[in-house]
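Number of protein chains: 2
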Amino acid sequence: MAAGKKTGKKTAVKRGHKGSRKISGLIVDEAGVIEKKILAGKKPTMKFPIRSLGNVRYRPKVGYFELKGGKKERTLTVGTVKTFAQTLRMMSLSKELVEVDDIATKREAYYVSKNWGQARFKEQPESDTVIDDVEALFMVNREQLGFVPEEKGGDVAGRLVVIDRDRDSGKPLRIDCTRFGSGAYSIPISVEDLGFETGAKFILAIETAGMFQRLVKHNYWKKANCILISMGGVPTRACRRFIRRLADEKKLPVYVFVDCDPYGVSNIYRTLKVGSGNAAHINEFFCVPQARFLGITPNDIEHYKLPTHPLKEVDIKRANDALKNDPFVQHHKAWQRALTKLLSMGVRAEQQALAKWGLNYVIDTYLPEKLADPDKFLP
Amino acid sequence: MAAGKKTGKKTAVKRGHKGSRKISGLIVDEAGVIEKKILAGKKPTMKFPIRSLGNVRYRPKVGYFELKGGKKERTLTVGTVKTFAQTLRMMSLSKELVEVDDIATKREAYYVSKNWGQARFKEQPESDTVIDDVEALFMVNREQLGFVPEEKGGDVAGRLVVIDRDRDSGKPLRIDCTRFGSGAYSIPISVEDLGFETGAKFILAIETAGMFQRLVKHNYWKKANCILISMGGVPTRACRRFIRRLADEKKLPVYVFVDCDPYGVSNIYRTLKVGSGNAAHINEFFCVPQARFLGITPNDIEHYKLPTHPLKEVDIKRANDALKNDPFVQHHKAWQRALTKLLSMGVRAEQQALAKWGLNYVIDTYLPEKLADPDKFLP
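Order-wise, the sequence lines are chains F and S. Reminder that position 238 of the first sequence reads as 238 in our numbering, one-by-one numbering, no gaps. Reminder that position 253 of the second sequence reads as 253 in our numbering, one-by-one numbering, no gaps.
Okay, chain F solo, but in the shape it has when bound (with noise of 0.2 Å):
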């Protein structure tokens, strides 16, 4: 692929918030410092940030969980050369996907590992750890060192242009979302490249795929002028991103449509808008702190009388635990009583519970309703 090579070398540089050449520099600049060390008979070190939530903090005014600056150090000895060599080796075929323009999957990058003699890794969590030490090492995101998930997802149509090139031109694509028809166009599964164009006024993003499909099918994104994003289910890495940077760089604000339950509040909402703990080295890059709520609430369920399911031991669950130890949740009173009044009322409701007052009673009523007072969204 010599053309590849030359076109990604060429405009690489374009590489996220932090260019292709960047990367590359910073990976040189770590690796001569330990060269340096080494050549004057010195054992050279590495330090990491620890990342674990003990080491975390959430400050509202940043918006994500953060980590407080633990390190944990790695200096080469006989008991860590191994690991030492293969966390050099990661840096260095880092440096050659950045440089070339190409990617890994973390499994490939395990595989890659088989021919690299005693610093291969035997099983794959192995290298995904020194991956991840690489990650927080440059606190930069994987995808920005060339290191990319296994798993796609996330759909976009509406009033959105991507801008994408050609791998062979070099040329500019412009990806137009509103030309899909029943379709959607689908997040690749790095995303740093991409610009975007867009008269929208929010972005939707949608819990289930039947509802996003819905609201596709019927051109919503033309009458409430917005960006429609299905996350089925808890959103990807890459769809967290693109909503991120798409947000950060056309200044949208994001509104959240989820099921009234613990499972749409905590683990999809929450971990959209600010993160997780065990990942907070990349909480910078993935949350989305301008996301507001405009799922189904608890008052909603009583206010348009729909149907629910009775909550189900791991709602409970999941709603005390958010109500005792998410520091997210402690610091919003609004979303202490929400989950408190869901808890009282035991139920649970799904956003297609609308349906029970016709299929399109989302479009006609419920999220004009709703959007004539986006104050009122739940933080």
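No lab work stands behind these hints: they were computed from the structure.
Same chains, same names: a pair is fine if it fits in one copy or spans any two.
In silico DMTMM-like links for lysine to aspartate or glutamate, alpha-carbon gap of 20 Å or less:
#1 Lys222 x Asp164
#2 Lys356 x Glu126
#3 Lys223 x Asp168
#4 Lys114 x Glu302
#5 Lys305 x Glu123
#6 Lys250 x Asp193
#7 Lys114 x Asp300
#8 Lys61 x Asp248
#9 Lys22 x Glu96
#10 Lys222 x Asp168
#11 Lys312 x Glu123
#12 Lys114 x Asp132
#13 Lys82 x Asp132
No experiment lies behind these values; they were computed from the predicted model shown.
Put chain S on the given structure of chain F with help from the hints.
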């Protein structure tokens, strides 16, 4: 949505290979027979095909599991009155959906029933069964009745123009799958109305999103003149139907690129190609008999010296089950040999394992070598 309705009525006639007028007519006819019986003071009856493995046969010429003809009857009595009424209500909802060109997920249909008074469903499994009954009654697939699954899945890139239409203007929309850069066209939940234009030589259906992304990123479809489809594991109904309709209409071979393990063979490839037992009444629409196995074979593991993992217990059970009970495997000696060999090797290999020889070995070596001789693909 008056505009939508109007357009829907005008153009929905083109829906699938049985137009909406035809579906609507079938429903009216069936309901007419019942009405006549009732007016004549007789007990009306509906006959449904029995949907179980015992009522299924596999004939290679037909190419998919098909129903043998066993039927169950539902006669209107005191005991069946509720289900009978629900079935008629569901037929009526379907008629409405196809006439106004709308869709309902199974879950939405369940919630719509909450306004059917005594005929409302208590739990969704009940309404799902009635939808399955109606589907089998008319021997069409659910999507043609306007009922669509919750889940979305299946991405497309490469030499294909999908023809959809704009719901508001009724005008055709040409969706050019060569123009989505690193992204892709996401297959809608219902594909019955789509048209196709292509000069491609084959369809390559790929198990993992990661491998799909690699082939897309490197414009592999250009080099190989093909259409790339990401299944993301076991393909959804929409994805299977999309491949089937495209392959039929454009007379394209379908090559399936999956892992070398019993899951890739049985759950993904076999299901895509001939369907499954418990959904025999719809295999006619969803299976892809022209599919051939380009995925990693036990011979490939040896030939390409691929890194492997030991077979898990569930793999061994799955392979033995297939050898013992699967009519498809029993029909094909080549598959019996392959699965027996895999069991004796005691290992499995993933499609990403090719990365041992370089990230793009799959593009530069594996795929060209395999494609040089499709007659050697496993059946």
